[in-house]
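The listed protein sequences derive, respectively, from chains G and Y.
First residue of the first sequence? That's 927 in the numbering used here, and the numbers climb one at a time after it.
First residue of the second sequence? That's 23 in the numbering used here, and the numbers climb one at a time after it.
All clues given are correct.
With a Cα cut of at most 30 angstroms, we get these calculated DSS-like pairs of lysine-lysine: (1) Lys-399(Y) <-> Lys-939(G); (2) Lys-939(G) <-> Lys-99(Y); (3) Lys-103(Y) <-> Lys-939(G); (4) Lys-390(Y) <-> Lys-939(G); (5) Lys-327(Y) <-> Lys-939(G); (6) Lys-954(G) <-> Lys-270(Y); (7) Lys-270(Y) <-> Lys-1079(G); (8) Lys-269(Y) <-> Lys-954(G); (9) Lys-63(Y) <-> Lys-1079(G); (10) Lys-270(Y) <-> Lys-974(G); (11) Lys-57(Y) <-> Lys-954(G); (12) Lys-269(Y) <-> Lys-939(G); (13) Lys-954(G) <-> Lys-327(Y); (14) Lys-269(Y) <-> Lys-1079(G); (15) Lys-39(Y) <-> Lys-182(Y); (16) Lys-390(Y) <-> Lys-956(G); (17) Lys-99(Y) <-> Lys-1079(G); (18) Lys-57(Y) <-> Lys-974(G); (19) Lys-269(Y) <-> Lys-956(G); (20) Lys-1079(G) <-> Lys-297(Y); (21) Lys-954(G) <-> Lys-390(Y); (22) Lys-390(Y) <-> Lys-1079(G); (23) Lys-63(Y) <-> Lys-974(G); (24) Lys-270(Y) <-> Lys-956(G); (25) Lys-939(G) <-> Lys-270(Y); (26) Lys-939(G) <-> Lys-369(Y); (27) Lys-1079(G) <-> Lys-327(Y); (28) Lys-954(G) <-> Lys-63(Y); (29) Lys-63(Y) <-> Lys-956(G); (30) Lys-57(Y) <-> Lys-956(G); (31) Lys-1079(G) <-> Lys-103(Y).
If you are wondering where the hints come from, they were derived from the structure by calculation, not from laboratory data.
Listed below are the residues making up each chain.
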Amino acid sequence: MSTRERILADVLKNQPSASPLPDMSAFKGKNQDVVATYCEVFTGIGGKAFRVKSFAEIKHLIAEQFDTAQRIITSLAELSDSFETLSTDVDPHTFDDVDVAVIEAELAVAENGAVWLPEQRMGQRIVPYICQHLAVVIPTERIVPTLHEAYAKIGEGDYGFAAFIGGPSKTADIEQALVLGAHGPISMTVFVLE
Amino acid sequence: MEKVEKDHAALAEEFIKDEERVDWHDGALWWIRQKRDMAAKNIPEWEALREAASQIKNNVLSNLHDYLLEFEANVTKNGIKVHWAADAEEHNAIVYSILKEKGIEQMVKSKSMLTEECHLNEYLIERGIDVINSDLGEYIQQLDNEPPSHIVLPCIHKRKEEIGEIFHEHLGTEKGVSDPTTLTRFARRHLRNVFVTRRAALTGVNFAVAATGEYVVCTNEGNADMGAHLSEVQIASMGIEKIIPQKKHLGIFLRLLARSATGQPITIYSSHFKKPREGQEMHLILVDMGRSRQLGRPDFRDSLKCIRCGSCMNTCPVYRKSGGLSYHNTVAGPIGAILAPNLDMRKHADLPFASTLCGSCSNVCPVKINIHEQLYKWRQVIVQEGYAANTKVLGIKAMAWTLSSPTSYSTIGKAGRWVLNNIPFAVNNKFNPWYRQRDMPDSPKESFGEWYAKNEKK
Ligand code: SF4
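Kindly generate the complete structure, drawing on both the sequences and the hints.
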């Protein structure tokens, strides 16, 4: 018997009798101002949130917040006149010197501050991790109250890789002192676009 | 790795020699427990979430065979190669063969308790493969040649000055530097170099979705992703119990996990891996290592529902005061003390006794495992099977005899009070394990029984 067959046989022999899945329909967010909640929670986890009305405003804020002499890349067509368009077919290692990456999120969750980024929106999987600073654009109508609404929407799409990202990379491994920027971005900024 | 001969009590005794460290360790963990409480209170349906999580896991355990088949089929369809391993040896051999086939001699790893259990690092190092743990806490433990002492906070038992010393010795930072930000920045630069040069990366798995064949890895540092997305070969190791039925169930578990672990609303990175990227190879290893056996023990199977949040450790008065390393097992604390005897009852016979049975662990567990009841059950099994230490057996036998007979109970009570009042040094000495860390109470002048007998007549 192969290992696979043996494990499966042991599991089958030892598993308890059937137990049903719970009803999850009661789990949903309350009617609340999801935009205000999102901004508040995201700020609380060490991010920066700006409510903006246009891409012109976003460009202006990027120039104000970051050093534009450094490498700034984006996957957003609306910003391609100002920043380098990120290439989807180069070796991921070539992003090692990126200072700021600006990408658009598919969803954001008010209750925990996280944005949902499928790889199509990342451009390349490594981008939101390897940059020194991550900036994300999220249109207000795509903010949902909780993860339950988020997964209801995610269920429809396909991806090879996707992630919830909720703030800058962080660690508290040394005496529980919070340090932003463990391996990934030192800061994360979200532009909430109305 | 050094063979552990000392039991929990003996190892704890070493830890508690430094009283100041114990107070600090106790306080640091209690603070995390409090953060968990605040996060839980912000969710009005918290208890309903715990109940749902527990029921989903019950369903998983009762259908594990079919879910594993469904998951395997979907993972394969997604272009990921599936392997099965019965034990540590088989798991390690699979990892080694994947690397060897590609001629890879260096690998970067993100946190995985399973590979710690398998002693994968030692196995690979013996065969000439260089492995680096990239989670900062695990990296520090690796430099110091010590296993992690906590599943979420691997070096929680170390002071920053000690970490500064380790960095000085191994990485060449200036002597005396102990500022957490400075040290973290230094490790960041160092490990970035590792990420961009390693061709293979290994991660653990937090959740595996049967219906879609994807798996989710949660980190705060982003180290799993830095490794995975820069590597040409990506390996994931998971215990067979990590399965959940559908993607929507992640909504329940991700709401519970980080809040229970550290009080955060969600881990910074919850990465969903489904298909290899262009030009990349992905492998997934499904590991049994005693899990199917535990599934067949009705009293202990619920321990397989654990999502490794660590909150039972943070709240446990014994863990906080004895330190994770005193459990001489990869998973320390209350849940570790249930999982370990399943793997080796003789070696871990002491662990179910390292608890006050106060029930705090069961109260915080996000998947509602009856942890303290299982600890109590293990004690009975261990005593019955003859694995308990003699001091414990004598104590338990004496107690059982005393409690089973009212006359002996009152006689012993009288005798006990007489001893405490007249020859206290007979009790307050180093042969009484209970007295070693505690002051024995002054004995009451009379027992409740004597008081009642006297007062009832009035
Ligand atoms: S037993 Fe429960 S509380 Fe302990 S680590 Fe597992 S899930 Fe968390």
